[in-house]
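2 protein chains.
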Amino acid sequence: MNETDIESYMSVLGQRARRASRALARATTAEKNAALEAMAGGLDAQRAALVEANARDLAAGREKGLDAALLDRLELTPARIDSMIEGLRQIASLPDPVGEIFDLKYRPSGIQVGRMRVPLGVVGIIYESRPNVTADAAALCLKSGNAAVLRGGSEAFHSNQAIAAEVRAGLERAGLPGDAVQVLETTDRAAVGRMIAMPESIDVIIPRGGKGLIERISREARVPVIKHLDGICHTYIDVDADPKKAFKVALNAKTQRYGTCNTMETLLVAEGVAEDVLPELADAFIAKGVELRGCPVACALLAPGRCQPASDADWDTEYLGPILSIRVVADVDQAIEHIAAHSSGHTEAIITENYTTARRFLREVDSSSVMVNASTRFADGFEYGLGAEIGISTDKFHARGPVGLEGLTSVKFIVLGDGHIRT
Amino acid sequence: MNETDIESYMSVLGQRARRASRALARATTAEKNAALEAMAGGLDAQRAALVEANARDLAAGREKGLDAALLDRLELTPARIDSMIEGLRQIASLPDPVGEIFDLKYRPSGIQVGRMRVPLGVVGIIYESRPNVTADAAALCLKSGNAAVLRGGSEAFHSNQAIAAEVRAGLERAGLPGDAVQVLETTDRAAVGRMIAMPESIDVIIPRGGKGLIERISREARVPVIKHLDGICHTYIDVDADPKKAFKVALNAKTQRYGTCNTMETLLVAEGVAEDVLPELADAFIAKGVELRGCPVACALLAPGRCQPASDADWDTEYLGPILSIRVVADVDQAIEHIAAHSSGHTEAIITENYTTARRFLREVDSSSVMVNASTRFADGFEYGLGAEIGISTDKFHARGPVGLEGLTSVKFIVLGDGHIRT
Numbered sequence: 001m002n003e004t005d006i007e008s009y010m011s012v013l014g015q016r017a018r019r020a021s022r023a024l025a026r027a028t029t030a031e032k033n034a035a036l037e038a039m040a041g042g043l044d045a046q047r048a049a050l051v052e053a054n055a056r057d058l059a060a061g062r063e064k065g066l067d068a069a070l071l072d073r074l075e076l077t078p079a080r081i082d083s084m085i086e087g088l089r090q091i092a093s094l095p096d097p098v099g100e101i102f103d104l105k106y107r108p109s110g111i112q113v114g115r116m117r118v119p120l121g122v123v124g125i126i127y128e129s130r131p132n133v134t135a136d137a138a139a140l141c142l143k144s145g146n147a148a149v150l151r152g153g154s155e156a157f158h159s160n161q162a163i164a165a166e167v168r169a170g171l172e173r174a175g176l177p178g179d180a181v182q183v184l185e186t187t188d189r190a191a192v193g194r195m196i197a198m199p200e201s202i203d204v205i206i207p208r209g210g211k212g213l214i215e216r217i218s219r220e221a222r223v224p225v226i227k228h229l230d231g232i233c234h235t236y237i238d239v240d241a242d243p244k245k246a247f248k249v250a251l252n253a254k255t256q257r258y259g260t261c262n263t264m265e266t267l268l269v270a271e272g273v274a275e276d277v278l279p280e281l282a283d284a285f286i287a288k289g290v291e292l293r294g295c296p297v298a299c300a301l302l303a304p305g306r307c308q309p310a311s312d313a314d315w316d317t318e319y320l321g322p323i324l325s326i327r328v329v330a331d332v333d334q335a336i337e338h339i340a341a342h343s344s345g346h347t348e349a350i351i352t353e354n355y356t357t358a359r360r361f362l363r364e365v366d367s368s369s370v371m372v373n374a375s376t377r378f379a380d381g382f383e384y385g386l387g388a389e390i391g392i393s394t395d396k397f398h399a400r401g402p403v404g405l406e407g408l409t410s411v412k413f414i415v416l417g418d419g420h421i422r423t
Numbered sequence: 001m002n003e004t005d006i007e008s009y010m011s012v013l014g015q016r017a018r019r020a021s022r023a024l025a026r027a028t029t030a031e032k033n034a035a036l037e038a039m040a041g042g043l044d045a046q047r048a049a050l051v052e053a054n055a056r057d058l059a060a061g062r063e064k065g066l067d068a069a070l071l072d073r074l075e076l077t078p079a080r081i082d083s084m085i086e087g088l089r090q091i092a093s094l095p096d097p098v099g100e101i102f103d104l105k106y107r108p109s110g111i112q113v114g115r116m117r118v119p120l121g122v123v124g125i126i127y128e129s130r131p132n133v134t135a136d137a138a139a140l141c142l143k144s145g146n147a148a149v150l151r152g153g154s155e156a157f158h159s160n161q162a163i164a165a166e167v168r169a170g171l172e173r174a175g176l177p178g179d180a181v182q183v184l185e186t187t188d189r190a191a192v193g194r195m196i197a198m199p200e201s202i203d204v205i206i207p208r209g210g211k212g213l214i215e216r217i218s219r220e221a222r223v224p225v226i227k228h229l230d231g232i233c234h235t236y237i238d239v240d241a242d243p244k245k246a247f248k249v250a251l252n253a254k255t256q257r258y259g260t261c262n263t264m265e266t267l268l269v270a271e272g273v274a275e276d277v278l279p280e281l282a283d284a285f286i287a288k289g290v291e292l293r294g295c296p297v298a299c300a301l302l303a304p305g306r307c308q309p310a311s312d313a314d315w316d317t318e319y320l321g322p323i324l325s326i327r328v329v330a331d332v333d334q335a336i337e338h339i340a341a342h343s344s345g346h347t348e349a350i351i352t353e354n355y356t357t358a359r360r361f362l363r364e365v366d367s368s369s370v371m372v373n374a375s376t377r378f379a380d381g382f383e384y385g386l387g388a389e390i391g392i393s394t395d396k397f398h399a400r401g402p403v404g405l406e407g408l409t410s411v412k413f414i415v416l417g418d419g420h421i422r423t
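These protein sequence lines are chains A and B, in that order.
Position 55 (the first sequence) corresponds to 55 in my numbering; numbering is contiguous.
Position 195 (the second sequence) corresponds to 195 in my numbering; numbering is contiguous.
Check the hints yourself; a few may be wrong.
Which copy is meant is left open, so a pair is good if it fits within one copy or across any two.
[Claimed, not checked] Calculated pairs, DSSO-like style, for lysine-lysine (alpha carbon to alpha carbon, straight line, at most 30 angstroms):
hint: 1; residue 1: K64; residue 2: K105
hint: 2; residue 1: K227; residue 2: K245
hint: 3; residue 1: K288; residue 2: K227
hint: 4; residue 1: K227; residue 2: K244
hint: 5; residue 1: K244; residue 2: K64
hint: 6; residue 1: K288; residue 2: K64
hint: 7; residue 1: K64; residue 2: K248
hint: 8; residue 1: K105; residue 2: K227
hint: 9; residue 1: K105; residue 2: K244
hint: 10; residue 1: K105; residue 2: K211
hint: 11; residue 1: K288; residue 2: K211
These aren't lab readings, by the way, just hints derived from the structure by calculation.
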């Protein structure tokens, strides 16, 4: 497509999405669940077609020389198709957030004022190689009453189109507009540029992928963006920590999985317990193959060669791998200060038995999740009971932390009267 | 100041605001209330100085040839100083939103997950001529634990500085940082340009004023904006309306005050009742001096000369004055469609005795306030029980509808464990 074609393609697509969003906002819970079930059934019946479309993407990827990790993310194995189908059914089983009315109270004037949860409208999602995101994102938007415009990675184009066909068929089988979920049929980058700058048709953009993608979209978007950049998570072992809990939680926060955004990247230890706690922890980390980079005090406490001096950049780095920076701090104040200066606002934990210190940390640390005596690895929509997750927001606006169905809704005021007038 | 001076002035001011915001986020309810009381006392004691500073602004305004309405808004009369002081005390008496913990529940893993209400950080407010906004905005930001950067209209410069001095003194008397509320000491427009584009120091911008100001700021801001543009509010008289309620509510929605954003601008009437309802209503509107502009059907129902034909532009106009557009529609579907096409998303009301129609209107109309059998004039923070209002948001993101203390906060997740790790 040339530029004019893209322009008009996106503009038509946007109008369709807006129109579909009105029907979706009205849709009943039963209709939405029926569509999700129909999509699940369709994907199950069309496994062969999905695998075939996916094979085309994989072949093209190999030809283009994509690396093994990317090819792996791209592949639709039978197990991944299973879990895509299972995901749709899980979202069908979640409570419908739309239409919930709360805080309905009488006012002195006699009117009743309350709030009602409503869809945002049209949600645009831009993602990279995993084709299963197509089904997942479609389902979350649908259940929350939003129309969706999806733009997947160009390397997954055929897989995404095959999934999109089943999504559309499922919507239509349930009597909902097929345009409620539109997957872009072009891989032209200019379409993304339009997608993030059409507030008349798309109300919010959720980019999922690498930091570069997210930064570019945030900079250029003309609509609100629900985004999550780095996860530079901290665990602070307080002077009043239970050493057993500290050992267990810190080890889990770093080593349970390395590549996730809720993995601890920096360990802060109060100087009063550093000598007791650090050597044993360092042994455990090293046994797991974790490289340690410490402040001078931390390094001095560990046997030579077990800890490299941390550079300034280390305190601001999301390693996403088996590396950990360690700093010995004077007390909880210095820990909170370090976090304020270096955290990405994702998740921080304190290990302490002290009531007042725990209470202060909870209140004063300004991150999307703040924990006491628990592993940062718990920061996750499923662990929090949201049932599903479209991403983790490190912004303070609108949604903060794991974003589930509720994060895809807005709240309006409702007023019930009986002919009331203002005097 | 030249450009470099503005740059460095704003950068220092921003750093001070950020630092102060941390202290404010920690501040106790008692400290914040003490500061509000101290400000109220200070303003009360300094009435003479306020009036003197205001007289300088008024004199300069007269010299510049400002119109009477603007000069009136600018004036700090004794009654306005009273209500400014009263406003501070009222905000002191409101519950503190910061630190509220809710939805704290055990998860199957054993962790407790909940949410805590926290300040946004630093709030920037840009407003026009009324100097009392300085005290009002300072108080709302302070009570919600946010530092504030305020930029008032240049015509109110001396008045704002006089109020700012008392605000700062009040903060300091209560042991809080004076930098928690900074009023710009320059009227240079370049400072506004900086203010809306320093995400490292200011987290959100709230513009209050004319549409031009708000549109410009929304377009250029590099941080989220809580904004409210037009109030094109509709009242729909349904076929099942009680005619007495319809008469009373529609008249009130238009004529109780003309210049407010929650005033009705368009009346929609179901054709089944138009003949019964419209003539009497039109008489009442005309008796109050309201000019009527109708669709052909509406005009045909009214005596010649009592209704002018509405142009296309009328359906999209916020009159803010004694003019009303009237359209006869087929039914609630067409009313909802008209609203979707022409409303500014502020406030819409239906007059009906029909349960199902009311329920549909509440759910399907996508505005910040949706009402049944009540005057749109109720859309207001005080009427809703928010205790105070910094503005009315017609956006769907973050805050929607009247924005009180809660709209100036964010919500983070908290996790309480006992050494819990993820497996």
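30 angstroms Cα cut-off: does K288 pair with K64 within a copy, between copies, both or neither? Neither: 35 angstroms inside a copy, 75 angstroms across copies.
Check K288 against K227 for me: Cα-Cα at most 30 angstroms, and say if that holds within a copy, between copies, both or neither. This pair counts as neither: shortest intra-copy Cα distance 32 angstroms, inter-copy 52 angstroms.
At most 30 angstroms between CA atoms: does that hold for K64 and K105 within a copy, between copies, both, or neither? Neither: 62 angstroms inside a chain and 49 angstroms across chains, both beyond 30 angstroms.
Regarding K64 and K248, is the shortest C-alpha distance of 30 angstroms or less found within a copy, between copies, in both, or in neither? neither (44 angstroms within a copy, 71 angstroms between copies)
Intra- versus inter-subunit Cα pairing at 30 angstroms for K227 with K244: neither (36 angstroms within a copy, 50 angstroms between copies)
When no copy is named, should K105 and K211 be tagged within, between, both, or neither for a Cα gap of at most 30 angstroms? neither (44 angstroms within a copy, 33 angstroms between copies)
At most 30 angstroms between C-alpha atoms: does K227 with K245 qualify within a copy, between copies, both, or neither? neither (32 angstroms within a copy, 47 angstroms between copies)
At most 30 angstroms between C-alpha atoms: does K105 with K244 qualify within a copy, between copies, both, or neither? Classified as between; 25 angstroms across copies, 49 angstroms inside a copy.
From the Cα coordinates, with 30 angstroms as the cut-off, is the pair K244 and K64 best called within, between, both, or neither? neither (50 angstroms within a copy, 73 angstroms between copies)
Within, between, both or neither: how does the pair K288, K211 come out at a Cα-Cα threshold of 30 angstroms? So K288 and K211 pass the 30 angstroms test inside one copy only (28 angstroms; across, 60 angstroms).
Within, between, both or neither: K105, K227 at alpha-carbon 30 angstroms: For K105 and K227, the Cα distance is within 30 angstroms only across copies (26 angstroms; inside one copy 35 angstroms).
In this structure, the earlier hints numbered 1, 2, 3, 4, 5, 6, 7 and 10 are contradicted, and the remaining ones agree with it.
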